[in-house]
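Trainee: Based on the provided sequences and hints, a complete structural model is requested.
If you read the sequences in order, they're chains H and P. Under the working numbering, the residue at position 130 of the first sequence is numbered 130, and the numbers go up by one with no gaps. Under the working numbering, the residue at position 119 of the second sequence is numbered 119, and the numbers go up by one with no gaps.
Hints are computed from structural coordinates only; laboratory data are not their basis. Incorrect hints may have been included.
[As the list claims (entries may be wrong)] Which chain H residues face chain P? A few, computed with CB under 10 Å, are given here:
(1) Ile100
(2) Ser102
(3) Leu112
(4) Leu401
(5) Ser452
(6) Asp506
(7) Ser520
[Said to hold, decoys possible] Label-pair restraints from in silico Cβ distances:
(8) Asp81(P) with Thr57(H): 45 to 53 Å
(9) Ala27(H) with Arg44(P): 51 to 59 Å
(10) Ala27(H) with Leu48(P): 23 to 31 Å
By construction, the Cβ of each residue, glycine as well, lies at the ideal position given by its N, Cα and C atoms.
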Amino acid sequence: MAAPTKTAIKPGRTLTILGLILASLLAWAFWPGLSHSPRLGLDLRGGTQVILSPVSTNGVPITDDQLNQSVEIIRQRVDGFGVAESEVTTQGSGDNATIIVSIPGTTNKAILDSLSTTAKLDFRPVLAEDYGSPQPLPTATPSVSGSASPSTKPSPVASSNVSIAPNATATATASPQVSSNGAAVTGGLRPAADSASPTPSPSASAVTTTAPTAAGVTSNDGLPPIQSAKNDAALQAAFTNLDCSKTGATKGGAADPAKFLVTCSTDGQLKYLLEPAAVQGTEISNAQAGIAQGGVGWEVNLTFTSAGAQQFAATTTKLSKQQPPQNQFAITLDGLVQSAPRVNEPILGGSAVITGNFTPDEAKALANVLKYGSLPVTLVPSSVEQISPTLGEDQLRAGILAGLLGLLLVFVYLVIYYRALGLVAVASLLVAAAITYALFVILGRQLGFTLSLAGVAGAIVAIGITADSFIVYFERIRDEIREGRSLRAAGDAGWIRARKTILAADFVSLLAAVVLYFMSVGSVRGFAFTLGLTTLVDILVAFMFTRPLVSLLMRTDWFTSGKPWTGLSPDRLGVKTEVVPVGRQSVVAASAAKES
Amino acid sequence: MSLGSLAHRLYSGEVSYDFVGKRRRWYAISAAFLLLALIGLFGRGLNLGIEFKGGSEFTIPSSTATVEQARDSAKAAGIADPIVTEVGQNKIRIQSPALTPAESEKVTAQLSKDLGVAQGDIGVTLIGPTWGSEITKRALQGLAVFLVLVVIFLSLYFEWRLAVAALVALVHDLLITIGIYALTGFEVTPATVIGVLTILGFSLYDTVVVFDKVRENTQGITSGNRMTYSDAANLALNQTLVRSINTSVVALLPVAAILIIGVGLLGAGTLKDLALALFIGTAAGTYSSIFIATPVACQLQEQRPEMKALSARVEARRNASEKAKAAVKSVADDVSGAGDLAIVGAESTLAALAAPAVESTGPRQQPKKNTTRSERKKK
Chain H
1 MAAPTKTAIK PGRTLTILGL ILASLLAWAF WPGLSHSPRL GLDLRGGTQV
51 ILSPVSTNGV PITDDQLNQS VEIIRQRVDG FGVAESEVTT QGSGDNATII
101 VSIPGTTNKA ILDSLSTTAK LDFRPVLAED YGSPQPLPTA TPSVSGSASP
151 STKPSPVASS NVSIAPNATA TATASPQVSS NGAAVTGGLR PAADSASPTP
201 SPSASAVTTT APTAAGVTSN DGLPPIQSAK NDAALQAAFT NLDCSKTGAT
251 KGGAADPAKF LVTCSTDGQL KYLLEPAAVQ GTEISNAQAG IAQGGVGWEV
301 NLTFTSAGAQ QFAATTTKLS KQQPPQNQFA ITLDGLVQSA PRVNEPILGG
351 SAVITGNFTP DEAKALANVL KYGSLPVTLV PSSVEQISPT LGEDQLRAGI
401 LAGLLGLLLV FVYLVIYYRA LGLVAVASLL VAAAITYALF VILGRQLGFT
451 LSLAGVAGAI VAIGITADSF IVYFERIRDE IREGRSLRAA GDAGWIRARK
501 TILAADFVSL LAAVVLYFMS VGSVRGFAFT LGLTTLVDIL VAFMFTRPLV
551 SLLMRTDWFT SGKPWTGLSP DRLGVKTEVV PVGRQSVVAA SAAKES
Chain P
1 MSLGSLAHRL YSGEVSYDFV GKRRRWYAIS AAFLLLALIG LFGRGLNLGI
51 EFKGGSEFTI PSSTATVEQA RDSAKAAGIA DPIVTEVGQN KIRIQSPALT
101 PAESEKVTAQ LSKDLGVAQG DIGVTLIGPT WGSEITKRAL QGLAVFLVLV
151 VIFLSLYFEW RLAVAALVAL VHDLLITIGI YALTGFEVTP ATVIGVLTIL
201 GFSLYDTVVV FDKVRENTQG ITSGNRMTYS DAANLALNQT LVRSINTSVV
251 ALLPVAAILI IGVGLLGAGT LKDLALALFI GTAAGTYSSI FIATPVACQL
301 QEQRPEMKAL SARVEARRNA SEKAKAAVKS VADDVSGAGD LAIVGAESTL
351 AALAAPAVES TGPRQQPKKN TTRSERKKK
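Mentor: Written as structure tokens, this is what we have:
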């Protein structure tokens, strides 16, 4: 009862702080020049969502590294199509993992098809190599970023600065390639000026007017991987005409190891004409990134199975005698060249080391490609959902309408039941709604949070949960009044009791949301996230808005008057007058005293 | 008693129901519902959506196309036995066994040609046959983790007996919701699963509110001899009855809004499935937090030796006061006490709490309204 003096300053200050929080959130959300609406999920704006489940083909549980490699392949494929805002995400780990691919807009069948093909890793001897896109004339500014060759001729063939050698642990002498790579450019894959050599293109004469559409050459709309059973004129024409800067050129796709291949490097900088696979990725027993001999730079160590070692020995023996660029073999993953190391000597021991000016990340990425590229994992599309933009629009409209209707119904009920206090609850709900909306916008912008239909539903359901907190508080105030406290004291005492209940109940809600979020897939997650977020907003609003506002109102004369419209009139609470129960009690007490 | 006046009595707190004392009745009602639910679940089984069985679904927005046209078109595209239904406003839904993306492309092309709808406007869902078991497994894992965490939290916040009682109520709600789905044949989709999982939080919210009051009323109860645990808990239930109803109504209103809009505008889909499960579950949750959770909690608590001792003391005291009452009071007839409802003056019950020295209460007395217990029971 001594509370009033203590809380005298507090309510106003708390409200001011909340006002500042709200104002800054709204300012952040509605900052001019940025998007002012939440990022909508595909089910609200149309698009395709594919959920892929990795399935192990050899019964061995899938590791996270394998999973990550699969995701990288999928990401390369999706990004290669150049659809803006496509997303590839994973949930869970190992055998329980799922890969979720979201592609906005109208359906692209080619992307869907590309997702269900299995990636392959191969080693293919290089027949020809060239820049991925037409080069500008020497006088023009070089447009190939990172290219260290300012005087490159229009059609140079540069040999790789990446080289492969017998593993240093097997041969005590350091591999000579290490030193020869000192001046290489950063990419590790890009042609180095110092090792550029004249153009002995094996097919120079063959590149004529032959139509690239000749029978036998298979490709996807002229985009890599382009394959043929024979290295004929048609394939060479396809190689010449290939422009790796075109959209879709680096999407990759399944490549038959038994056929010749025309393709691009993963970054589209270079294009290659390659022989059928000499060694398949399944013959790699291990690959590891490590610091190079002598401690300068990073390298990738590679070990083959016994069968692979023999194939690799034969191939490297042959390649080491060739002229650039035919002394290289390309490591192709999913039909795209990951790296094309030069072979300077036969590698016979079944273990090799790839050197180049690798950064640690590049070395690790290449090692992962080699190790997990031939995954014993297939990705099975578990769910494909195509939602047309019109349906998405319908769903969004329905969601908004349901939200408004829900709010309205709750408002009406609260005001009828709680009168002026109901208005406090309505104001609190509006503040909560404003904060939630601002958070949706901000989270969408900053963290890529997307609001799905299930998320919208979660937000609507949360209206009820948020209002429940206010009801718990108001009913506690009424309890206190029934117990004979003054209105002002009831506001404070009621809060102390209600606070605990609200926190406990909200904690349970939050617990449900967190468990749902981490244990579930797809749309359930969106729902759980919104539910959890709104529960936190509920606590914030109850503590920093509803409570201080009630506290302030309780001091007004109108509220203390206990008029019916305050929602706290003692009459309506069953406390007829304060005298009656006291009177009864005293009568009882008297009679009890008389009896005993 | 008219509805309006009942509402007013609830509002003013003049009416008190004997929830705990009549627990056998509520248990019987629930048992009957649960039996029905189990019969439905094991007899009819759930009507699982294609997300669980695997299959394909095409949604065609068209105001002109008829169900027959769509069926013919789907058959022409090679679907042997399509299930064609009209949903919502101007939408036709075709369901078929699982198709490959290539096959579905063929179907959408055919539908687009025959029904005059742009191919991009046709919604397509393809679900692999194993996906359903995957999400079911996840949902069950999530459920198990949540239940364990909730029992731990409630055991810490209250005590294990209340946690167990809350859990019983929760399982009750889940079973009844699932049973209603089985009995009515409503389609079960992932959105339904979301709804059912959300019931967990909802159902517990109510239970926590009631248990908080129960705990408050039963604090230090063993040191007295006026109220048994069950009496105090029943009082708490009555005191929180209005807010239980209010929180439930307010929670149900937005859910009802989703249901109305979802069914009326979209016909089928996430919104409807989610809201339907929530609606059933929340209604069951409100019932169970009043009629199941607290009575079960009382039964568990009454097993404790100190509570048994308390009950014995209260019993003895009541017997004594019965005699005293018979001797002193002949005026107050128990006219209204014959009904199922034990009606007591709530304000006097509250006054009883405030002035415990002269008060006692119990479910056995069935006095007239506005007759304070203190008038009936004296030392």
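Trainee: Indicate, hint by hint, whether the structure satisfies it.
Mentor: Checked hints:
no. : hint                               : in the structure
1   : Ile100                             : violated, 12 Å
2   : Ser102                             : violated, 15 Å
3   : Leu112                             : holds, 5 Å
4   : Leu401                             : holds, 5 Å
5   : Ser452                             : holds, 8 Å
6   : Asp506                             : holds, 8 Å
7   : Ser520                             : holds, 6 Å
8   : Asp81(P) with Thr57(H): 45 to 53 Å : violated, 33 Å
9   : Ala27(H) with Arg44(P): 51 to 59 Å : holds, 56 Å
10  : Ala27(H) with Leu48(P): 23 to 31 Å : violated, 48 Å
The structure does not agree with the numbered hints 1, 2, 8, 10 stated previously, though it agrees with the rest.
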